[in-house]
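Q: Each chain is listed here by its residues.
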Amino acid sequence: MKDSLTIVIGGIQGEGIVSTGVDLIKILSRLGYYGFGSRRFSSRIKGGNTNIQVTISTRKITAVEDKIDIILALDKDTIACYREELKEDGIILYDNLLTIEETENAEALPMTEIAKRKGSPIMKTTAALAFLGKVLDIPSEILGNFLDNRFGHKGEKIQSDNMAVLEEALIYEEGIHERIRKSLASPMKKISRPVMIGNEAIALGALMAGCRFMAAYPITPASEIMEFLGAVFPKYGGSMLQVEDEIAAINMAMGAGYAGVRSMTATSGPGISLMTEGIGMAGMAEIPVVIVDCQRVGPSTGMPTKHEQSDLFTLYYGGHGDYPAIILTPSTVEECFEDTGRAFNLAEKYQCPVILVSDLMLSLSPQTIDPLDYEKIKIDRGSLLKEKDLESIVDGKYKRFTLTEEGISPRSIPGMKNGIHHVTNVEHTENGLPTEDSEIRKQMMEKRFRKMELLKKENTLKVIENDSDFLFIAIGSTFGVLKEAVEASGNKVDFGSIRMLKPLPAEELSCTFEKYKKIIVIENNFSQQLTAILKEKIGKSDKIEAFTKYDGTPFTITEIIEKIGGMEA
Amino acid sequence: MKDSLTIVIGGIQGEGIVSTGVDLIKILSRLGYYGFGSRRFSSRIKGGNTNIQVTISTRKITAVEDKIDIILALDKDTIACYREELKEDGIILYDNLLTIEETENAEALPMTEIAKRKGSPIMKTTAALAFLGKVLDIPSEILGNFLDNRFGHKGEKIQSDNMAVLEEALIYEEGIHERIRKSLASPMKKISRPVMIGNEAIALGALMAGCRFMAAYPITPASEIMEFLGAVFPKYGGSMLQVEDEIAAINMAMGAGYAGVRSMTATSGPGISLMTEGIGMAGMAEIPVVIVDCQRVGPSTGMPTKHEQSDLFTLYYGGHGDYPAIILTPSTVEECFEDTGRAFNLAEKYQCPVILVSDLMLSLSPQTIDPLDYEKIKIDRGSLLKEKDLESIVDGKYKRFTLTEEGISPRSIPGMKNGIHHVTNVEHTENGLPTEDSEIRKQMMEKRFRKMELLKKENTLKVIENDSDFLFIAIGSTFGVLKEAVEASGNKVDFGSIRMLKPLPAEELSCTFEKYKKIIVIENNFSQQLTAILKEKIGKSDKIEAFTKYDGTPFTITEIIEKIGGMEA
Amino acid sequence: MNPVKKYSNNIQPNWCPGCGHFSILRGIQVAADQLRIPNEQLVVASGIGCSGRLSGYMHSYSFHGIHGRILPFAQGVKLANKDLAVIAVGGDGDGFAIGTNHTLHAMRRNLNITYIVLNNQVYGLTKGHTSPLSEIGFVTKSTPAGAADLPLKPGIISLAAGVTYLAQSFSGDQDQMIDLIIKGIQHQGFSFINVFSPCITFNKTNTYQWYRENLKDIEEDKDYDVNNLQQAMSKLIETDGLCKGLIYQNTHVENPSQHTIKETSLAQQELNIPEEEFQYLMKQFQ
Amino acid sequence: MNPVKKYSNNIQPNWCPGCGHFSILRGIQVAADQLRIPNEQLVVASGIGCSGRLSGYMHSYSFHGIHGRILPFAQGVKLANKDLAVIAVGGDGDGFAIGTNHTLHAMRRNLNITYIVLNNQVYGLTKGHTSPLSEIGFVTKSTPAGAADLPLKPGIISLAAGVTYLAQSFSGDQDQMIDLIIKGIQHQGFSFINVFSPCITFNKTNTYQWYRENLKDIEEDKDYDVNNLQQAMSKLIETDGLCKGLIYQNTHVENPSQHTIKETSLAQQELNIPEEEFQYLMKQFQ
Ligand SMILES: Cc1ncc(C[n+]2csc(CCOP(=O)(O)OP(=O)(O)O)c2C)c(N)n1
Ligand SMILES: Cc1ncc(C[n+]2csc(CCOP(=O)(O)OP(=O)(O)O)c2C)c(N)n1
Ligand code: SF4
Ligand code: SF4
Ligand SMILES: [Mg+2]
Ligand SMILES: [Mg+2]
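Chains as they are written, first to last, in our numbering: chain Y, 3 to 571; chain Z, 3 to 571; chain L, 135 to 420; chain D, 135 to 420.
It is worth saying that the hints were derived from the structure and are not from the lab. There could be a bad hint or two in this list.
[Stated by the list, open to error] Derived lysine-lysine pairs resembling DSSO-like cross-links, with alpha carbons at most 27 Å apart:
no.: 1; chain 1: Y; residue 1: Lys390; chain 2: L; residue 2: Lys139
no.: 2; chain 1: Y; residue 1: Lys378; chain 2: Y; residue 2: Lys458
no.: 3; chain 1: Z; residue 1: Lys464; chain 2: Z; residue 2: Lys539
no.: 4; chain 1: Z; residue 1: Lys399; chain 2: Y; residue 2: Lys565
no.: 5; chain 1: Z; residue 1: Lys399; chain 2: D; residue 2: Lys216
Hey, can you work out the whole structure from these sequences and the hints?
A: Written out as structure tokens, the structure reads:
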């Protein structure tokens, strides 16, 4: 009986490999287990190996484990890629149509064969799931129910064929699971939990936060956000448009934001580069808008299906001229949900662009989560005026950019009587009219940045203390790996994450950093981007150290454990 | 007899005010004086006040002085704007059509009147020049020759009318200059020197460096570069194209660079934001290309005709993913010329984008320079292969991105036999083919950044030592103001400039900074951009301090003198 | 009230005296008045250029954006609040150089907004550079040997992109212009009005005089059928784009992107989603 | 040598078996062979998309750029070295969504290059999103209720932009395609070939079968005059863009932007300017 098991499911791209992995996580989540899946895929549609590594556990997990208990192979590459990582007692289940070197621990199973016989070859993943179910001792009704449901909307034939494949596989060689059973300890609570990827949590967060408009251009690994909202918006009176490019997307989102709708766009690195000018406009014109960046490998087209965290510099420092912007950096699926909610509130409160940063692993890794908390998202529209607030104002005299102490100017939106005003992206007066007066220019710059001072007081660092002299920091999906590594290494170091990167509460961080001998920043990029931002803002250059990886793959738990070990020496 | 004089010429935009100022500098430069002009203009075509402040001196100067000796006013605003700055013995010469409060030091002169009588009203600037000539004791043949030449190509009528206006103004009230003469001491050498703006020096530098292609989109304050090259290229077998936008400009320039021509584009902030993706591609595909950024006030459309230095962040850190780029920051017109030459050599040597950064004041301020040195630009095409170098290579086996020790891979260009290769902006092998291999990815990232290590050894800091504990640093046009301020304050502090911002030779800088109590960085932006970059790269956060101005106007000499004074206390 | 006063914020435009853009500003003001659009229900959004300054002279909600991107912005406004009257304004460079992509896609998207191009066939604000609409041989600071490339014809391009309302007009003919703007605003879908608007400072070729001599008035042709796409295209090809009047209108095309929006504007939607609904959504993830 | 071999770098394309793009790759290889273009004189540049992978299978100089920007890049190559044969390749999204601006301006600039769009009316590489060329009602991941907006018609748009060579073709008809690519390369100016190229994975509407049934072959019409712009436009409007063959060619338009370049290519120019010449230039500043 183990507390956790790690399974790799691999095969040819385009044959439903990833879905099979997600199905497995969902099925086990219904039984009360937690699962986490890490995908490996290529920038091609069909052909080539793809796989998903899934760790199932009795406790909540935030990354996959490195060593593998079961390889389920629908192609040869999967075995070649993962054999090295197989544990000593690990097993390989493979389609018996593959010719591989026979070994003790390898079991040939008639996956395609059964699929062909009872349905069609593509249903071999159903057979695969059945075999996995047997090995893992999943009750067959659970499997049956799940798949019945899953194929329900695909038409009767597909549904019944799949069920036939399932049944046939389940009765194949009854005793197999006796021989190679991999049993998991009982879950703590036998409750069914949701399985989500970060992008779904972001989209759901946006919906709950009152976002009702999205304009976007497809790109890996961000497209799921537009797909989700495109599907659900009609029901809630919202609208998602796929537009001609990212420049149109950000500008259309700003137009909607200006006109009073909570609006957003989502993209990845190349799209962020194209949105640079637009984001600056949101800063200057004080338009609330939310931009999601799901980072992938750069520079340029880079490795579109691989993981990296290398847009931090451009998000933090990009865009000509100086303007305020807020950057949130959630590091779990739950935080993706909550921080998206927060993003829309901040955007309206501070009237500026808010960027929510994810990364490929956070955006795309399916995982069991504890049910999301409805209460976590409360809509607060900031200083948005109501028509009655404007009653006392003489028509034409409303000051859209009035210089307030906090820097925030109450905002009217088109349609409101007495709130009429001009907005220009040229430097402007309180009335919003263009000016070249140097005194006004100075005041307006200071006003726009004054807004950010308020935010700097908010808590952004989360630290889990283990009474160590070393603090490990990571953002995005890397935090999940770090967490697992620290726990696996016996909680030897303190660790944490920064949830709001900009404005960076330098004082709070400085204070916290004071306590440590070294701060080790773990990040997936070459230029030590997060480290550099911390050094610039906080100083203490000698204390802050980067641990980076930039080969397109996320950190493994082992790599971080080794780094933790190294610190002790 | 004074060593220097400062004159403001002002009037309505669109009436040739700036040209009159430039003419004055040119005329005096022919006599051996140095001049420096600082323009003030609006983002409109006709109407509104525009003016140019000109300092004339017997020694080389790099900024205008603050206090004014002569106001030459063709409108009332000019007087209102500058009266405060007039020295005690200063005088005002104004068009007698203006109704202004009469004062002791103000002289009404019939500028428009004479222009109308002898030619047309627009020629009042010629009358103005004549009156200035009289006050400054400029020999009338010199004036005559200059203007004759100047209007030569505008047609006979315009030429002769202007000459008539000149004559009439010169004979008007013979004795006037006796009363209000402002005499300058004799120049050191009576030689004629060129008058240039930074943009002309950049364009000329590009031409001399072998640049033969430019694609660009017009924008203030960069357009003069495309205009100059558009005019001269045909003669030297080059081509300048105004294209549909900045995205096309950078991509077309890259296409030409890839195909073996030294090529460039030039723009300002908004264009830089749009080029962000393209610049990253040059980094990834290792294409030599030169991008000039003439900074203006941001963010967004900002103040298009005002001065700022606020693109440093985006140039330094902008663009998704990590890629190498070189940033040069000349601070005088002469350096604009030389550094542009250097930019093209660096681009080919290091096969990456090279950004030359200017600012509105450096780009547009007309000034007398010492003749540019032909020898300063020597074309070096780096590791560009010749067809014969490829003879031994088997067709199809050439490795465009071969992993060398220095990171630089010898480059073939289309048309070369045996040099055939693929280039992709996806991560690639040595052969240039796409790969998702994490080991190769790592090697390629390291290769691309290894190139920059070589450059970090090059000297980039220029420091003028005055045996002080304080080092003042400025880049771009601010350096010129700093220089004048330090000299005027009696050389009380050390000062200098950084000529290559990226890669920043952190070691050299760190070593130099070690010697000082404080390093004061003077810059025109809100976010202390240069200061932040230095802090990030060099540490020593407590020593480095920013002195900023972000109201759209450049520093005055007095402001910096005061800051220098403050350091002593 | 005087229609111009009603929609003017009393700022003196900073255009050169005689600039064609004055006439278009007035045209929009008069049209808004005749249609009795409440000031607060009107949004005038403009790009960057001399033309872009127009929005800054309106007494209405008005927005002065960045170069070439005003159409996506204006569409966002309309999508957010379908009850607003949205007019987008820009220069020929704004709409047919840097912004061409958005111009075409806005036309095929066919939202119910009006787009007016202040077409002077030159870049005014940058002090005289060539435009993609400048004629071959046009000498500017950036084309010292004369513009080399075939000019785009906004009318032809927009028909090709599927525009459902196309009119061309001239700053020197206010009456027709006002009429065409009114019809454009009334049109249910995307209306595009290309107004030839002389730049008296930097375009010495396409002057008021030149347009008077060269623009053919389509309304003089009694047989002309504004609903006939083929005929409209032929007329434009035949006149090399130099014609004015209502050239084409198609009232049968829906604007479905906009129809995804229910009766209530997005900006007026209830934002709070009840907890049961949330739990229902969460169920999908099990 | 086998023409395909001669221009192939022997990398197995990673397209789905049956993808229309295979046929176009072969078409380019055969055309290059028939025109005897030396491998090292050929530059094939492509955008991003499944289509964009094409350049990576050529044995020639080849470049795989960024999404939507391959035409400016390809024009830069040609301007730098007019002796090269330059073929730009991209998807329908690449050329008519994000890249539309460049597509139109490349056409009016009329440099002597060939542009081939691998038009599957869908985004293949992002796994099935709508394209601006998708038909109304087309259901994709991003248009669950069906595409809402009028599709752009590449043929109509390009005629409107002044293209001097326009052909449409079909992956399922290699012979005609090769012929049209050859003629396109031979055309002195910008040649555009819109090839309908089925995406068998994500476009279940516009299949091989569908194109076979719906594409009208212009070459069957003996009276058709390829030099008549009006007729070409009418034909495209009439067939709603669904026709193939050589649709329009204009051999009378110059490509002057290119003519600014002297006999010698820019890439072969002498770069050093003699000192006297420099001094002469400096004199202008006094
Ligand atoms: C991204 C960007 N590029 C360039 C500019 C500079 N610019 C301002 S207006 C303009 C063109 C103006 O021409 P047009 O659109 O025809 O308007 P007009 O001034 O003629 O009315 C340009 C290139 C800018 N503001 N932003
Ligand atoms: C700036 C940018 N935005 C988005 C993407 C993602 N992307 C890659 S290919 C593509 C579209 C592919 O469609 P198409 O051009 O029609 O080519 P196809 O794959 O159908 O051949 C998109 C949106 C990108 N690479 N770069
Ligand atoms: S420059 Fe031309 S377009 Fe601009 S305001 Fe003057 S006349 Fe009008
Ligand atoms: S997804 Fe479509 S376009 Fe892409 S390779 Fe497969 S069939 Fe071809
Ligand atoms: Mg214009
Ligand atoms: Mg496609």
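Q: For every hint, state whether the structure bears it out.
A: Hint check:
As the CA atoms of Y/Lys390 and L/Lys139 are separated by approximately 26 Å, the hinted pair is consistent with the 27 Å bound. Taken as a hint, the Y/Lys378 and Y/Lys458 pair is honoured in the structure, with Cα atoms around 21 Å apart against an allowance of 27 Å. Under the criterion of a C-alpha separation no larger than 27 Å, the hint pairing Z/Lys464 with Z/Lys539 is consistent with the structure, at around 18 Å. For the hint linking Z/Lys399 to Y/Lys565, the alpha-carbon distance of about 41 Å lies beyond 27 Å, and the restraint is violated.
At roughly 26 Å between alpha-carbon atoms, Z/Lys399 and D/Lys216 fall within 27 Å of each other, so this suggested pair holds.
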